[in-house]
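Starting from the known structure of chain Z, arrange chain W on it as the hints suggest.
What follows is the residue order along each chain.
There are 2 protein chains.
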Amino acid sequence: MSSIGARLIPAWLRQYQLATLPTDIIAGLVVGVLVIPQSLGYAVLAGLPPVYGLYAAIVPVIVYAWLGSSNVQAVGPVAITAIMTASALHAYANQGAEQYVMMASLLAMMVGALLWIAGQLKLGWIMQFISRGVSAGFVSGAAVLIFVSQLKYLTHIPIAGSSLIGYLSSMQQYAQQLHPLTLLIGVVAFALLIMNRYGSKWIWRSWLSSSYAKWAERLFPLILLGIAIVLSISMQWSAHGVATIGIIPQGLPAFTLPYLPDFREALNLLPTAGLMALIAFVSSSSVASTYARQRNESFDANRELTGLGLANLVGGLFQSFAVAGGFSRTAINVDSGAKTPLASLVTVLVMVAALIAFGSTFAPLPYALLGATIMASIIGLIDIATLKSAWQRDRLDAASFIAAFIGVLIFGLNTGLVIGLMVSFASLILQSSKPHVAIVGQLAGTGHFRNINRHDVVTYHNLLMLRIDESLFFGNSESVHRRVLEATKQYPEAREIILIMAAVNHIDLTAQEMLITLNQELATQDKHLHFSFIKGPVMDIIEHTPLLTKLSGQVYLSTIDAVDALKEA
Amino acid sequence: MSSIGARLIPAWLRQYQLATLPTDIIAGLVVGVLVIPQSLGYAVLAGLPPVYGLYAAIVPVIVYAWLGSSNVQAVGPVAITAIMTASALHAYANQGAEQYVMMASLLAMMVGALLWIAGQLKLGWIMQFISRGVSAGFVSGAAVLIFVSQLKYLTHIPIAGSSLIGYLSSMQQYAQQLHPLTLLIGVVAFALLIMNRYGSKWIWRSWLSSSYAKWAERLFPLILLGIAIVLSISMQWSAHGVATIGIIPQGLPAFTLPYLPDFREALNLLPTAGLMALIAFVSSSSVASTYARQRNESFDANRELTGLGLANLVGGLFQSFAVAGGFSRTAINVDSGAKTPLASLVTVLVMVAALIAFGSTFAPLPYALLGATIMASIIGLIDIATLKSAWQRDRLDAASFIAAFIGVLIFGLNTGLVIGLMVSFASLILQSSKPHVAIVGQLAGTGHFRNINRHDVVTYHNLLMLRIDESLFFGNSESVHRRVLEATKQYPEAREIILIMAAVNHIDLTAQEMLITLNQELATQDKHLHFSFIKGPVMDIIEHTPLLTKLSGQVYLSTIDAVDALKEA
Chain Z
1 MSSIGARLIP AWLRQYQLAT LPTDIIAGLV VGVLVIPQSL GYAVLAGLPP VYGLYAAIVP
61 VIVYAWLGSS NVQAVGPVAI TAIMTASALH AYANQGAEQY VMMASLLAMM VGALLWIAGQ
121 LKLGWIMQFI SRGVSAGFVS GAAVLIFVSQ LKYLTHIPIA GSSLIGYLSS MQQYAQQLHP
181 LTLLIGVVAF ALLIMNRYGS KWIWRSWLSS SYAKWAERLF PLILLGIAIV LSISMQWSAH
241 GVATIGIIPQ GLPAFTLPYL PDFREALNLL PTAGLMALIA FVSSSSVAST YARQRNESFD
301 ANRELTGLGL ANLVGGLFQS FAVAGGFSRT AINVDSGAKT PLASLVTVLV MVAALIAFGS
361 TFAPLPYALL GATIMASIIG LIDIATLKSA WQRDRLDAAS FIAAFIGVLI FGLNTGLVIG
421 LMVSFASLIL QSSKPHVAIV GQLAGTGHFR NINRHDVVTY HNLLMLRIDE SLFFGNSESV
481 HRRVLEATKQ YPEAREIILI MAAVNHIDLT AQEMLITLNQ ELATQDKHLH FSFIKGPVMD
541 IIEHTPLLTK LSGQVYLSTI DAVDALKEA
Chain W
1 MSSIGARLIP AWLRQYQLAT LPTDIIAGLV VGVLVIPQSL GYAVLAGLPP VYGLYAAIVP
61 VIVYAWLGSS NVQAVGPVAI TAIMTASALH AYANQGAEQY VMMASLLAMM VGALLWIAGQ
121 LKLGWIMQFI SRGVSAGFVS GAAVLIFVSQ LKYLTHIPIA GSSLIGYLSS MQQYAQQLHP
181 LTLLIGVVAF ALLIMNRYGS KWIWRSWLSS SYAKWAERLF PLILLGIAIV LSISMQWSAH
241 GVATIGIIPQ GLPAFTLPYL PDFREALNLL PTAGLMALIA FVSSSSVAST YARQRNESFD
301 ANRELTGLGL ANLVGGLFQS FAVAGGFSRT AINVDSGAKT PLASLVTVLV MVAALIAFGS
361 TFAPLPYALL GATIMASIIG LIDIATLKSA WQRDRLDAAS FIAAFIGVLI FGLNTGLVIG
421 LMVSFASLIL QSSKPHVAIV GQLAGTGHFR NINRHDVVTY HNLLMLRIDE SLFFGNSESV
481 HRRVLEATKQ YPEAREIILI MAAVNHIDLT AQEMLITLNQ ELATQDKHLH FSFIKGPVMD
541 IIEHTPLLTK LSGQVYLSTI DAVDALKEA
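Residue numbers (my numbering), protein chains in the order written: chain Z, 1 to 569; chain W, 1 to 569.
Bound conformation, chain Z alone (with noise of 0.2 Å):
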């Protein structure tokens, strides 16, 4: 095999065991049955027409199976990526489904370019920048969100908007146009769908063994679809004003260059773009580290941004939305065996037969059902538990999950996550705006220096030894900046200030500013700035900087040779 098809063929292809094929192509047809409800149901989610939620389960499907880090995560159409497009697209809802549609797979190559570049720039380690309780948080914002905007379709009453109180002044609004046998058949699904899920232990566990009461939950929410489908047939549901999904258009997703809008709206769905790459990433990380450490396997991060990346640019080029991985289609796809890519491949098989041989069967399928079913799905991912391990476990951390949740709920997704992010930087600089400032003294006849306030130390009435105990950043400068003025203060007759750097890895140029200010301020005070013990690194980044060409004292080697130069008998 030449170097470019070794290239060109991914590993786990080359390798493939043949032995691995039957689990393979049972999990991928298990897949490919089980999600195309919420397939449907999260284009809808989207502001899509349902048949986009098959096609962003085919072109990025095979792009990620090809290029993507994991063997057996599945990707495609996911809540989070569906309402934060619905939520971008928002502004455009009313310029006409067609350029709604274009916009939509616009985002897409616009997530993923960005997330190849992240790629390409290696930039893997930026998941780590998003703290538990924010991540936590916000789904379980975004979670709430989805809940609400559900009720559009179980109610039949119009809602709009990219927040909580947006969503519900416009459905008190328009509370009259409020359909009974929708709101009928959107409850007792949903009541259905709630009862298979969290009743599954009384339900199914009663009368069937553990692995089959699993798959007997996992299959209902497909059963209840094929019920509602008859039913719908059969008691003329849209007749009677019950909104359904109609025939949905034969064929595969076509290339289409996106329309191309006006140079600066695209600009503007930049930021949008940037954390929709970012939770995309985050999420999909999470389930595909999880399996690889599960199978151990190792995770590559940037290979996962890779992927990712390419599937969500090529996928917009076929009509494809933002599309993540999904931890519950993950899960559905390992417990069903499969072991490499393979099976992804054969969920797209089943997505293609049910574009070219099954569009008109979806079409009697009322949209309240597609609603119950991402409702009660998306329940779960309002995260309690996490929240009450934070508080008990680390404050903060619950402040991040709250700033997020509230965030999200009243000013929407993006400023949600924002908030949320800012919280958690916040709540670690905190953590180090206050560093240790110890005075210090010396050891008799020794040449270390320890705190005078616990240890026997000599000190000289001229000096004053200040030990700070950690980098200098814009975070904390002030407050040192204030403790060593407030030191000088109380030791007056110490002219000399010496500085004891040893454990300052870093002063950046909030600290370096605040550092010359304090050496003009000492020196109007006829007192002299004296630093020991500067690291290499540091001393590399302030060697011909204003600090220490106008210093008014001295930099020592050690605190030993300041004293010995500076002391006074």
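Note that these hints are calculated values from the structure, not bench results. Be aware that a few hints might be false.
As the list makes no split between identical chains, a pair holds if one copy fits it or if it spans any two.
Straight-line Cα separation of at most 25 Å, DSS-like style, residue types lysine-lysine; simulated pairs [what the hints assert, rightly or not]:
| # | residue 1 | residue 2 |
| --- | --- | --- |
| 1 | K388 | K489 |
| 2 | K388 | K550 |
| 3 | K535 | K434 |
| 4 | K122 | K201 |
| 5 | K214 | K339 |
Only chain W this time, still in chain Z's reference frame:
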């Protein structure tokens, strides 16, 4: 004096010394007269009629004189809050002047309320969260936006939008509306102002002493304004199509309860108000603390929050838009000899006089001159020097500068600021994202443990001892996770893994989850995870959590205890 009276009358007034009365009065008069053109211009920049610039220099100034933290800081309308107001209310611009004006006051009240609340919560430390790079980058980007936005007054081309691209594309669209005479007036005024400002050395200092030259430079914009008024009347500029500001309505700002819009609209302004409050606070504090240090006074950030907050809150009730402390007006105040806030109260009298007596005097003044005044003064805010020194002295801070600067230009003020903050926080996390994890051994015969690569130490075949040299949090937990797993692969014989936690000051939820996962992973390989030297505060947090209750190994007080208990011969 009763204690209530004592609380109502500020300390500076109770202790007022008559000796400083003359200089306070002179400084107040000078500032009042000199800032009139600026104040009119900033109102226009905020999208308001010029008179609102005078309104904003009355009530807020009185409140700040009463309650503010600084004796010499001059608050009032400033460029940054003006453009942030314009950008926030951009969407209301075509809903009629009255609503726009109301929204501007409402926004000032929201900013004020947030600042006041922050003051009550003692959040003064929050100013430490903005690094030098971010604030300089944000202000520089805003200055460019302001500069470009003022081109509409110099060209008579309507310019709208909230980002550079918006401005430029709308300029292109309406380019045929260019008015040559307006452009001529604007360009000449701009050129003269720039020469005055940056050519002062050659123009004024060649024939005046340095202190006179400084005043000539400061007076020149006012003289130019007078000349423009005279020329405008004599040459009938208005009749030739030059836009002039027209008669300024006589009378003082009136108590006006701002129009309360739809609750949702107010809520949508809240994030913007939060960012404006942050920027107003950071810039005011930097002015106030600089002068406090110069005057050997202490700076109380929480009092600054309260004072600035109430200045905006009460100001908003009297037709003011958002205000902050201004560097240039404070500099004039101090240079003119201001010693107490009485100077600011004199400035207020000048504004009142202008409002009552000179309303028609300003009428012939062309908008082009106000635009040129702002453009000339704003150039100094483009802070290339900070970018340069950041580039040399702290690349990460330079990255924050560039992110905020470019972000503001492309995405507008709010998004730009958020992007800058994100980059500055992210760079901080980056610095601690790869903590040092050392494999250690025992210094023979002692209880000390040192890095095996640097010291001649004793190791035990069944023990792996790792010292973690940083607090564990979401930003580094994956990297520590990977490092520990690598070490266990490197020493496959070691079944007892001891993590030495002496340098770990905090373990957040994400890191706790990581350690739980690590514990499980090691358990599947029949390896045990132990901890030694957990600090008290950390132990308090994790004591009753699954991390310790499910730990496969033990917690030891010291590493030597762990070694003695676990080592095999």
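(request) Any hints from earlier that this structure breaks? Give me their numbers in increasing order, please. (result) Of the numbered hints given earlier, those the structure breaks are 1 and 4, listed in rising order.
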